[in-house]
Amino acid sequence: MNRIECALISVFDKKGIAEFASGLAELGVRIVSTGNTARMLRAEGIKVTDVSELTGFPEMMDGRVKTLHPNVHAGVLARRDNPDDMRQLGEHGIGTIDLVCTNLYPFVETTELPDVVFDQVVENIDIGGPSMIRAGAKNFRDVAVVTDPEDYGRVLDQMRQADRRLPAALLLELAQKAFVHTAQYDGAIAQYLSGVKIDGDIFRLPEDPEFPDRIFMDLRKLSPLRYGENPHQRAAFYGWGSGAAFGMAAAEQLQGKELSYNNLVDIQAAWRLIQEFDEPACAIIKHTNPCGTAVGSDLRDAYVKALESDPVSAFGSVIAVNRTLDSATAEEMTKIFVEAVIAPEIDPDAAALFAAKKNLRLIRAGAKADPPGARGMEIRNVGGGLLVQSVDDSEELSGSSIRTVTSRKPTNEEWRDLRFAWRVSRHVKSNAIVLARGGRTVGVGAGQMSRVDSVRLSVDKARPGAEGAVLASDAFFPFRDGVDEAAKAGVRAIIQPGGSRRDEEVIQAAEEHGLAMVMTDTRHFKH
Numbered sequence: 002m003n004r005i006e007c008a009l010i011s012v013f014d015k016k017g018i019a020e021f022a023s024g025l026a027e028l029g030v031r032i033v034s035t036g037n038t039a040r041m042l043r044a045e046g047i048k049v050t051d052v053s054e055l056t057g058f059p060e061m062m063d064g065r066v067k068t069l070h071p072n073v074h075a076g077v078l079a080r081r082d083n084p085d086d087m088r089q090l091g092e093h094g095i096g097t098i099d100l101v102c103t104n105l106y107p108f109v110e111t112t113e114l115p116d117v118v119f120d121q122v123v124e125n126i127d128i129g130g131p132s133m134i135r136a137g138a139k140n141f142r143d144v145a146v147v148t149d150p151e152d153y154g155r156v157l158d159q160m161r162q163a164d165r166r167l168p169a170a171l172l173l174e175l176a177q178k179a180f181v182h183t184a185q186y187d188g189a190i191a192q193y194l195s196g197v198k199i200d201g202d203i204f205r206l207p208e209d210p211e212f213p214d215r216i217f218m219d220l221r222k223l224s225p226l227r228y229g230e231n232p233h234q235r236a237a238f239y240g241w242g243s244g245a246a247f248g249m250a251a252a253e254q255l256q257g258k259e260l261s262y263n264n265l266v267d268i269q270a271a272w273r274l275i276q277e278f279d280e281p282a283c284a285i286i287k288h289t290n291p292c293g294t295a296v297g298s299d300l301r302d303a304y305v306k307a308l309e310s311d312p313v314s315a316f317g318s319v320i321a322v323n324r325t326l327d328s329a330t331a332e333e334m335t336k337i338f339v340e341a342v343i344a345p346e347i348d349p350d351a352a353a354l355f356a357a358k359k360n361l362r363l364i365r366a367g368a369k370a371d372p373p374g375a376r377g378m379e380i381r382n383v384g385g386g387l388l389v390q391s392v393d394d395s396e397e398l399s400g401s402s403i404r405t406v407t408s409r410k411p412t413n414e415e416w417r418d419l420r421f422a423w424r425v426s427r428h429v430k431s432n433a434i435v436l437a438r439g440g441r442t443v444g445v446g447a448g449q450m451s452r453v454d455s456v457r458l459s460v461d462k463a464r465p466g467a468e469g470a471v472l473a474s475d476a477f478f479p480f481r482d483g484v485d486e487a488a489k490a491g492v493r494a495i496i497q498p499g500g501s502r503r504d505e506e507v508i509q510a511a512e513e514h515g516l517a518m519v520m521t522d523t524r525h526f527k528h
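All letters in the sequence shown, in the order written, are residues 2 to 528 by my numbering.
In case anyone wonders, no lab produced these hints; they're calculated from the structure. Keep in mind that the hints are not guaranteed to be accurate.
Said to hold, decoys possible - Only pairs whose alpha carbons sit at most 25 Å apart, straight line, appear in this in silico DSS-like list of lysine-lysine: (1) K139 to K258; (2) K527 to K287; (3) K139 to K198; (4) K336 to K287; (5) K222 to K336; (6) K287 to K178; (7) K178 to K15; (8) K178 to K222; (9) K358 to K410; (10) K258 to K359; (11) K15 to K48; (12) K16 to K48; (13) K287 to K410; (14) K336 to K258; (15) K430 to K359.
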């Protein structure tokens with residue numbers, strides 16, 4: 002590009018702008034600015050030309066019209082290697098603008114204010130800013146467009162090194178960021194306005210922002226993955242493009258092989274399950290299903306109990322814990338082959354023990370793994386579109402809908418295990434049956450086409466641990482056969498949603514076997 006002679010600066014976020022403008026001025030760049038930005042720069046002792054001197058018009062309509070003028074946009078859009086463009090600039094006495102530094106009104110932040118009104122939101126739809134950014138980004142071969150305060154320093158450094166010029170690679174990168182910036186901004190406006198309704202002359206703000214009429218998704222590639230569900234499938238991990246990273250996108254891999262698609266799916270499943278518990282807990286996951294889950298007096302106790310649930314299936318598993326991973330627990334985990342371990346934090350001594358297993362993926366979830374509000378929406382693609390739903394995080398066991406429907410009531414110990422098993426059941430693929438006793442799973446039946454087969458599978462996994470256990474079913478029993486099979490194995494109490502046409506028949510089966518049965522009225526299908 003040619004030397005940068007003139008810069009137009011008009012920003013809402015003024016972080017670092019005085020230092021940037023000062024650096025430009027020291028290099029001999031003429032500064033043109035608008036409104037509050039110009040006033041702030043003058044207060045910092047920086048010489049500024051008001052944009053009105055270029056346009057011949059004052060800023061109008063409370064700042065709605067400032068830079069929307071041919072004397073500005075022609076100076077930005079003129080192609081420096083196009084003689085006709087440059088001739089027309091000369092004929093009209095218009096100078097070039099070689100650098101545009103702009104960021105936009107805080108539209109999203111305004112929509113999130115607690116008592117915001119519609120007119121206030123509308124006034125934070127920026128017009129001149131996006132126009133300037135798009136003009137500069139379109140003409141990126143000749144114009145530097147700077148939208149991110151984080152880029153101020155390196156732009157100045159490059160200009161100092163190259164006689165006020167910027168390399169083509171940096172100009173392209175700045176343009177790419179600029180178009181992302183305006184795309185995110187326009188997407189947020191379009192999505193918000195798609196939910197606004199009009200009632201007479203009154204505009205109503207969106208009432209259900211979780212499910213707007215349109216969703217504009219902004220995703221950024223975080224990393225390639227080793228492969229997809231199978232080695233012949235390619236895959237990559239994308240995070241939300243705007244806002245602070247959270248969830249698995251914010252987690253840190255401390256060691257081990259590159260993650261695969263399946264690794265991340267299983268790690269997410271393990272992490273979600275472990276968030277169910279306040280006491281020390283461990284979940285061992287295979288193919289998104291828990292083959293062992295337990296709570297304990299400490300992490301080591303919880304892990305040992307979880308492993309006892311199904312030590313065979315634990316081979317090649319993903320393990321999650323909900324406390325800082327200590328060396329005593331890590332030492333136990335190193336005794337079997339594990340694909341990945343995730344914990345909120347990892348003690349240095351524990352990390353040292355895992356270091357000997359170089360392929361094991363060790364993940365530190367950190368504080369941003371599951372922040373409030375991060376679990377509000379799940380998205381799955383189907384042919385031609387997406388399915389969107391809220392996360393199944395119902396707390397119905399603390400509500401009034403839960404009730405005992407048999408003459409025998411659960412004992413206190415059974416109640417504890419029923420609550421535990423019910424929490425686990427919503428993380429098991431349907432049809433889901435979870436047998437539990439003593440704060441751990443003893444058998445899990447997942448993904449069977451009939452519920453009675455899931456009961457049989459869970460019993461087969463548990464033997465002889467089914468004796469005296471409790472059972473959680475993610476949905477109702479369509480027939481009594483599942484209860485009969487559970488009773489035959491020695492199950493003592495059952496928790497299930499109810500709602501079958503044959504509920505009375507199912508309850509009668511529990512009565513005949515002397516089981517306690519609890520109904521919740523809430524289903525936990527997981528497909």
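Hints and how they fare:
{"no.": "1", "hint": "K139 to K258", "result": "41 Å, violated"}
{"no.": "2", "hint": "K527 to K287", "result": "15 Å, holds"}
{"no.": "3", "hint": "K139 to K198", "result": "35 Å, violated"}
{"no.": "4", "hint": "K336 to K287", "result": "17 Å, holds"}
{"no.": "5", "hint": "K222 to K336", "result": "35 Å, violated"}
{"no.": "6", "hint": "K287 to K178", "result": "40 Å, violated"}
{"no.": "7", "hint": "K178 to K15", "result": "18 Å, holds"}
{"no.": "8", "hint": "K178 to K222", "result": "14 Å, holds"}
{"no.": "9", "hint": "K358 to K410", "result": "48 Å, violated"}
{"no.": "10", "hint": "K258 to K359", "result": "8 Å, holds"}
{"no.": "11", "hint": "K15 to K48", "result": "17 Å, holds"}
{"no.": "12", "hint": "K16 to K48", "result": "19 Å, holds"}
{"no.": "13", "hint": "K287 to K410", "result": "34 Å, violated"}
{"no.": "14", "hint": "K336 to K258", "result": "19 Å, holds"}
{"no.": "15", "hint": "K430 to K359", "result": "31 Å, violated"}
The structure fails hints 1, 3, 5, 6, 9, 13, 15 (numbered hints given earlier, in ascending order).
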